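Q: Which chain is which? The protein sequence lines are A and B, in order.
Residue numbering for the first sequence follows the numbering used here, beginning at -5 and increasing consecutively.
Residue numbering for the second sequence follows the numbering used here, beginning at 23 and increasing consecutively.
No wet-lab data here; the hints were simulated from the structure.
Since this is a predicted model, take the numbers as computed values, not measurements.
Each hint should be verified, as a subset may be incorrect.
Claimed, not checked - These stretches of chain B come out as covered by chain A in the derived footprint (C-beta under 8 Å, 3 or more residues):
#1 46 to 60
#2 427 to 441
#3 485 to 494
Unchecked claim - Calculated Cβ distances over 10 Å to all of chain A for the following chain B residues:
#4 179
#5 230
#6 418
We treat Cβ as the ideally placed atom computed from N, Cα and C, and that holds for glycine.
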Amino acid sequence: MQQAITALIELFPQGRVRGVDRDEFNRVIDLEYERIRDFLILHYHATERDDSEFWRYVRTMTIPDSLAEKMELFRRRGRIVKYREGVFLDASWVAVYLGQRVRPEGRDPRADLPAMDVLMRGMTNLRDEVAATAAAMPGHLAFIDRYCPMSPTA
Amino acid sequence: MSDRHGPIRRVLVAGGGLVGWSAAAALQRRLPWLEVVILPIAPPADAIADRIHATLPSILGFHEDLGLSDADAVVRTGSNIRLGTLFEGWTAGRDGHVPDYVHAYGRHGRPFEGGSFHLHWARAARHQAPAPFDRFSAAAVMARAGRFAVPADDPEALVGGFEHGLHIDPVRYAAMLRAFALHCGVRERAGDLAGVEIGEDGFVAAALLAEGDRVEADLFVDATGPAARLRSALDDARISWASWLPCDRLILEDAAAMPADPLDRVTAHGCGWRWTGGGSQGLVYASAFAGAAEWAGQGVAIDPGTRSRPWLRNCVAIGDAATAVEPLEWTNLHLAHSAIDRIVAMLPGRDCAPVELAEYNRQCAAEAERVRDFLALHYAVSDRPEPFWRAAAGIAPPPSLAHSLAQFRARGRLPFYEEETFAKDSWLAVLIGQNVLPERDDPLIGLVPPDRAAAAMTHHAQALAAAIAALPPAGAAHPILQRS
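Excised from the complex, chain B in its bound form:
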């Protein structure tokens, strides 16, 4: 294995959960000349990307790239439409009222009189009492109402300009991916990983199996969860995000009997949050603040952070093996999908030239850091009074999040970042949902008479509510099958 000229031919994927099967299927399907072998080790309990039911809209694009139909990938796996998350109690309530907001994926209102909708809303919020911001998002209103229609073709349509994700059953979904991957030509290799053989050139030469066999490959894809059982043989350089993402424990339970609902509920508690939705429920908390809670000490550990170089030589870590974050906003599987796409698009030669890997790692880092920022935002701007929340809000945010916050607070502007997972409307949903508002009116907005702006907003919210009240219930069928 000393001569590393030529193309990559043989790939070994380690990991038999959603991430491993997704990687194997995508690599074999999209780069069909590869010989993809998978070591389907059962995902460990702390591999969050392999276990969470709620997914972001990007999963549908992942299916499309693989040529997986909705009938196969969605309906036969028992998946359901997921529109968004209801965040309850993430800011301090007043007079027994628990504040809430919905984060769904898509446009809020429409720009009018030459100004962004959210700037009109922000001015109104300072002087009047407009309807809550999420009442202007078609996806959020549908989610609250439990109704659903596919987005209109015209993104400017009243019930258009939004996306949705899915609630999946990870076991059934992984079984579907496995069947698809094997159909595409992926070969399964039974056995457990016992060690990693490193060659003289520092590249991984082979995965060593418990049974004594060795499996060679040109490229090793590590989807084994946070332990990164292949990739960690090369180095363990990691950047910790523990100060910004303060929760370090996860308790996750399946709840199969739960009725389908397009809206998850994510409720803050004294030292973290709990959720219910999509056939699962769970609790995330900071162990240092759990005190004598009945669940203190339970669950799996989360060590938030990322590898500075997820791809080193001929070994690339994906999913929780690359970046470990708590499941808030359900980004773990999305980050894995994104890494898989990037491997397909940027596959280097057998030499895995450092200049090519550096570009891969640069994009992964930019993406992961903005996901970190978006999650950290939920804690950084909370005004809940408990010691956990005060400590979390007291930490200086990462510089890029501090920059976004400063720009938004100054005048409602959100600076552009490359490789951003969450669109501007998602940032607005959380910022405004957690009571962060610009300190000044935008000068252009200031030219519009407040009553005229208020009338336009009221009209929009009423029209949206009426249109959505007429839609069918979300759980009734699989309306996405009606899509052409």
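Just chain A, with the same shape it has in the complex:
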């Protein structure tokens, strides 16, 4: 929605609507939706659920070639197909792949560079740091009360 509004402002017609503006708006939005579409389909398709007709269908259905290629690249070596333009960036794709237990079979050879114990120590430290930072934060409601309180009558 917000992408569409941005594109609409950039291409807002003066007086009559011109084809050059209209077509460009449609092109930008189509591209955006194609990428969002693939990302959403991934949630359904990359499932291990086998407990209903619905999940069996989405798990085995034919998916767009553009998504099949993206999934194959992740499966082989953990690669994310990069686009600078797109709502969902690398981290989002990784979160869904790994969250839905799509595990790469191979890896980028550069991942073998650090020694395993150094890598594990680094990851443990990072995890602890993230957990400590999150634990030190106020609760969501406490934050809202402090940052942008609203009176109950508003």
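Starting from the structure of chain A, add chain B where the hints point.
A: Only chain B this time, still in chain A's reference frame:
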């Protein structure tokens, strides 16, 4: 070599120019478990990426990725700061005046009153006479003034938000890369390439040397220039861009005595262009239009185009072996660096699985096509009267360039493309420099009183000129060494 499981271990790089040594050094340094062997065949005269002195800002990122310091890569190779190019005569002059503009790398002006700077400038250009567009680019003003400072940390600072490239001496620079590559563990294999042995599976099995030896590898990197002496053994499928990039000849001369100057001069002539700068000079032309010029027929051939699949099976072509374009805007070495980065980031297994190579080739094609568009732009929008220029401007541009032009002409908008080499400000520098302007005022810009916009622009140009007049001369030292 029939079993292609497992990782790539051994890589043979063919080509001993800038591109070959860059590839060997980068692969060995960044993927240190590889066994990188180089066949340092002297680069042929038509390998443009190996011979051009002017480089884009991306060369500094390439050094950084390799861990090469400015002291080693820049100062000891006798390289100098390069800020941009002065384009002279790329549009028709009036009353004996030769129009010019500078393309440097970075921001023009600053957005104000909720609108992009170039849209304010475009409206002013239609109704008033603002200072030329390049007077609002810190890098362009420095280039014209022959002065230099490293970009301020704050990209919004008056003398900030820009990048610079280098002028290199290809011989000294390649020698530095060679020393670095050998230090990293690259092994040199003397000899010339006599043939390519293809295995039953269609993969390259070995490079055959003139002396009778064969050199096996898991991956072959072809940096031998346009002839692509390894890669062309697999196929010769190429896409020609000759209709959009009309020049087909290059004469290149070193001019070592030339004083250092951060600005190249690229001057259009009746059937192409000539340049001087960075210790070299040259002439690029279309042979069909050269007539009886004294240099007609001289120089090396350029056959503009790209391989549809630079990487096929276990052989990847880089530099001019993958994409051949004229040196306009100095993109040849940049494209080679970009391919090398991509090989490092996307290295497949020994099987070179087609799905992985397809993604590599997709990114290369997207990048190369936008470089083609940017170069073709210089010809497509020129209004010079000579038959060569009229023919070039009369060809329908590639669809992606036509789209950029239509969007820009309609309302000053530049659509986004993936893998774009030149940032929006570079496109603006050339479009506006060659008198392409939006046909309408942007509605948001239209809300700003013209006098207020004009005052803001005048203030910016004056402040920029004053700040840059106070800077030291560009050639005085190596100020990039002062960078942390």
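Q: Against each hint, give a clear statement of whether it holds in the structure.
A: Status of the hints after comparison with the structure:
1. Beta-carbon proximity to chain A at under 8 Å applies to 4 residues in the stretch 46 to 60 of chain B; the threshold of 3 is reached and the given coverage holds.
2. Only residues whose beta carbon comes within less than 8 Å of a beta carbon in chain A count, and the stretch 427 to 441 of chain B has 8; three or more means the coverage holds.
3. As drawn, the stretch 485 to 494 of chain B meets chain A at 0 residues by the rule of a beta-carbon pair under 8 Å; below three, the given contact is violated.
4. In this structure residue 179 of chain B is separated from chain A by more than 10 Å, as the shortest Cβ-Cβ distance comes to about 25 Å.
5. Every CB of chain A is more than 10 Å from the CB of residue 230 of chain B (nearest about 28 Å), matching its label as outside the interface.
6. Every beta carbon of chain A lies more than 10 Å from that of residue 418 of chain B, the smallest distance being close to 17 Å; the non-interface claim holds.
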